[in-house]
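Listed below are the residues making up each chain.
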Amino acid sequence: MISAFFIFNQKGEVLISRLYRTDLKRSIADVFRIQVVSNSDVRSPIITLGSTSFFHVRVNNLYVVAVTKCNANAALVFEFCYRFTAIAKSYFGKVDEESVKNNFVLIYELIDEINDFGYPQNSEIDTLKTYITTESVMSSPIAVEESTKITTQATGATSWRRGDVRYKKNEAFVDVVETVNLSMSAKGTVLRADVDGHILMRAYLTGTPECKFGLNDKLVIDKNERGASDAVELDDCRFHQCVRLDEFDSSRTISFIPPDGEFELMRYRSTSNVKLPLRVIPTVTEIGTTQVSYVVTVKTNFSNKLSATNVVVRIPTPLNTTSVDCKVPNGKAKYVPAENVVVWKIPRIQGGQEITLSANAQLTSTTHRQVWARPPIDIDFQVLMFTASGLIVRFLKVFEKSNYQSIKWVRYLTKASGSYQIRF
Amino acid sequence: MSSFRAPPRKGENFELSADLNSEYREKRKDAIKKVIANMTVGKDVSGLFPDVLKNMQTDDLEQKKLVYLYLMNYAKTQPELVILAVNTFVKDTDDSNPLVRALAIRTMGCLRAEKIIDYLCDPLQKCLRDDNPYVRKTAALCVAKLYDLKPELVVENGFVETLQEMIADSNPMVVANTVAALTDIHIAAVAAGSSQEVFVITPTILNKLLVALNECSEWGRVEILTALARYESPDDRESEHICERVVPQLQHANASVVLGAVKVIMIHMRNVHSENLTKQFIRKMAPPLVTLLSNPPEVQWVALRNINLLLQKRHDILSNEMRVFFCKYNDPLYVKVEKLDIMVRLAGENNVDALLSELKEYASEVDVDFVRRSIKAIGQTAIKIDEAAERCVNVLLELINTRVSYVVQEAVVVMKDIFRKYPSTYEGVIPTLCANLDELDEPEAKASLIWIIGEYANKIDNADELLGIFVDTFTEESYPVQLQTLTAVVKLYLQKPEGSQGLVQSILNTATKDCDSPDVRDRAYIYWRLLSTDPGAAKAVVLSHRPPISLPRTTVAPALLEELLSEIPTLASVYHKPAETFVGRGRIGVDSVQQRNSSELPDDRSATQKALQTVAAGRQAENLLDFDDVSAEDGQQPSGLAATTVLASTPAAANLLSGTSSNPLDDLVSIFGSVSMTPVQPPQPANALGGFGSPVATSPPVGLPAAASPPVQQASSNDLLGLF
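Same order as they appear, the protein sequences are chains A and B. Using the numbering used here, the letters of the first sequence correspond one by one to residues 1 to 424. Using the numbering used here, the letters of the second sequence correspond one by one to residues 1001 to 1724.
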């Protein structure tokens, strides 16, 4: 299992070093610095030297590194690294060199709690926050009672929830966030279109509520009601550990006791009938060797009551571009030489609209003509109250001993960031 | 707080020592923080040991943790002084606060000082039976720590038996940690050569594990799944039961749980005879595997490597899912390369058009390595699907017309493979290939084109002219090109004796007199003698019919594949090689594999063992890299290789591996071997012995993986020639 855990900065300086097992020495960190940090051509996230393996994940300007000496579970090690990052993020906002340096005492406390002898332990953020805090905890008699409660929770069957939660107003917020992945060929055919959905929940519910959650899942609806047409086919679902997997497996009901506060209830994937919220129609012509002309049209493909916001279109230009002049009816377009793209930012596009950018790029003449690889056009956007998969939350039922009324809120968001690509 | 990392001042330790003994609590705590900060950056603060120790007795949990952290680091260097801490530790394990009790027992296990161990046993005994589950789960792992330090003590105190009882604990987290501890001890015991099984999974334990599986934390589930994988079920009913209980875990959000469940199902499915059930399990496995691709790139890569293995065993798992493996422009290279390999595996008649247009797209990207692999993938598709071969050739022709040097060269290499699979089919392409003769500067591409010219000498009008160019520069070429030129000229002479007599004379002369490679020289002598004694025999040898190549369905030997599948998702299954090859010395070495082999094993098992053994032996020989920390301290830099290159550059291991494979056409794997990290398999020796003409004609250009080291492989096939 994990023998050591390190955090390096960009220069390869050790910020955090914790050896969990004794089969390694601290100086192993030097080996990583030489092999990975100062090596410009690292082509694998795992480096094995002799019998020592380095697993590294890059987070902002940091390397989060786990070292093993055995035939370690690779998926588990990476999941652990990412979990650490998530925990750190929730504790001190962002994870970068400065925050790690400022919070190193807390980080040591955390990594000792979430890993013992190389085996990951309870890493539920909500629970951790009850006993690893930024203020110091005094071991007074009152605390004893409290910590008994904490420890039972940290190991219990519902390790993610305290039993004594109280709220005046019982509320649950459900956010359905869908990320659309699209690859469209130059001819306009869809090569790949699928949706990665996340259902995030914020539960502010008293006691130990038993929740039941219903979607317009095709498999459920076909069984119960015939002829319902708006059902969605989910290719795969993955759940937070609070969801009873065996129940889902047998009857596809999603039932659980939620953690207190914010958590990701489920993730799903859908590939059939994906409604693409935006269409991009590019016409790019190379005029001789010194000019490229662009006409890029963005069309919205949803009801005019909704609108797409924060739209960012990135249009690649050849490497030898000197200047680009753009004309846009809406938003701002600017050539960014460092990335070789024209960035076109549109704050808002109403449903059913279409807008067109026309631009002309001037190229310098080069001695040897290099073929331009034409990377795809990439578009980021957000559309509120729209799901590309057509998914709808049908119900969220909350049952609790005290039988209180609870208020539920549902929000939908479809977005793309770096994965909505159109070739030209 | 960043001031803790201020540059060192003169006598900093002295100041810290004063602060540590300050009468103000806050000042002392700040001093401890500074000490820890210094420790992290590698400064020696061991001299402050007694001062830090004084601060151990405190009500402030945070401070206590800091002092403990310091102790864990320096206890080994100050064994005498650690004794002073024992009292506080033992007292803490009796504290009324369970967090304090757990903290004390956790830290004691990490101290690793001989002196303190003896004091550990009693508190540990107590904590294992603590009524708080948090303390119990911490104590369970502490037993594993103790075993690592002093196994005798664990045995003497009967801790292993206690652990075995704890599997029945009511708390799932305690069960999970107990399983982890027992597995850890089990592995250590096996590595130490203990014959006694520490952790046998009996049917009773099995049921307890299956119950705990649904309740414990994600990490605990991984441990339990690993244990389930080790269980040997007596009949198919039980195997079915295990699979059914594990299937829901495929829906878990944590990738390691999903892959762990896949492993258990793959293992226990071997015993399931019902065709229907097997199909059902496979069907349920597919969507979660695809979902793994929406993870961060590192996890994706691990998943892809494992999917690659799974596909070798079960071709049908993801048959309709090729599109999800299309590369995104911004995927990291290691992910793209794996996706390519998987796409070729999934290619079939129904999706080949989509695949080809995708591969063509990739061939215009920027990264040279990726472009080359994409072109190679086109060739593999052509060889895999007969019906699509023509479309593939057309795509290759389009690529050649781009006239980008590396694209053309790779396309030529790929065309040669296509000619081998479909002899005399696409001769119309040859003029285009020959037109690009001047563009070629890489040995492999040159050798490939020369092979094509030699092979179709009688259909190319100006073959003598073309070959003449290479004969003129013969001595400047690299050996593979020389060998190929030699063979091609002889082929030309045998097919069109008129007009090429001078060429053959001059090349044989140059090769025997001016060439410093013994391989080239020897081959020239053989040809010379053959031609001068019996031209008929020469024809039979040099122009002999070669078997067509095919795309291997697996890149590892079948026995090894089974072994690797039961290792999902560990490093072994990511690297596609047995753990013994990279986990050196300690744990399971070659010796123990041999030992296990000598004991009685069922037939299929022993085959696996044998395969492992040979590969391990091969790797062990190479494993000089297995550096000590000492060597690193000395500043000796281990000449490590990135994971992707490790395998390709170990022909020794590959040689051995090919010996264990039963596929007679294994030499062809070498063509494709370099695509992934799988071992490269050189030509089968048997093939060469069958008729000594065959290596002459087949081996040199055909089997040269781009990334591997050609000289060694060359030698292995050409040695045989030297015998004659």
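In short, the hints are calculated from the structure, not lab data. Hints are supplied without guarantee of correctness; some may be wrong.
Listed next, the in silico BS3-like pairs over lysine-lysine satisfying Cα-Cα at most 27 Å (straight line) [stated by the list, open to error]:
#1 K1150(B) <-> K218(A)
#2 K218(A) <-> K187(A)
#3 K25(A) <-> K1284(B)
#4 K1091(B) <-> K25(A)
#5 K149(A) <-> K1076(B)
Example chain A residues on the side facing chain B (calculated, C-beta under 10 Å, incomplete) [stated by the list, open to error]:
#6 T22
#7 R43
#8 F117
#9 E171
#10 S185
#11 V274
A quick note: this is a predicted structure, and the numbers were derived from the prediction, not measured. Every residue, glycine too, gets a C-beta built ideally from N, C-alpha and C.
Each hint tested on the structure:
A hinted pair counts as satisfied when its Cα atoms are at most 27 Å apart, and K1150(B) with K218(A) does not qualify at roughly 58 Å. A distance of roughly 32 Å separates the Cα atoms of K218(A) and K187(A); the hinted pair therefore is violated under the 27 Å criterion. Our distance criterion of 27 Å between C-alpha atoms is broken by K25(A) and K1284(B), whose separation comes to about 44 Å. With a CA separation close to 31 Å, the supplied pair K1091(B) and K25(A) exceeds the 27 Å bound.
Among the hinted pairs, K149(A) with K1076(B) is inconsistent with the structure: their alpha-carbon atoms are about 35 Å apart, more than 27 Å. Residue-level restraint check for T22(A) holds (minimum Cβ-Cβ distance to chain B is 6 Å; threshold 10 Å). With 10 Å as the threshold, the beta carbon of R43(A) comes within range of chain B, its nearest partner Cβ sitting at about 5 Å, so the hint holds. Checking F117(A) against chain B by beta carbon gives a least distance of about 5 Å; that is within 10 Å, so the hint holds.
Annotation: interface hint on E171(A) violated; nearest CB of chain B at approximately 24 Å, more than 10 Å. Residue-level restraint check for S185(A) holds (minimum Cβ-Cβ distance to chain B is 7 Å; threshold 10 Å). Checking V274(A) against chain B: minimum C-beta separation of about 12 Å lies over 10 Å; hint violated.
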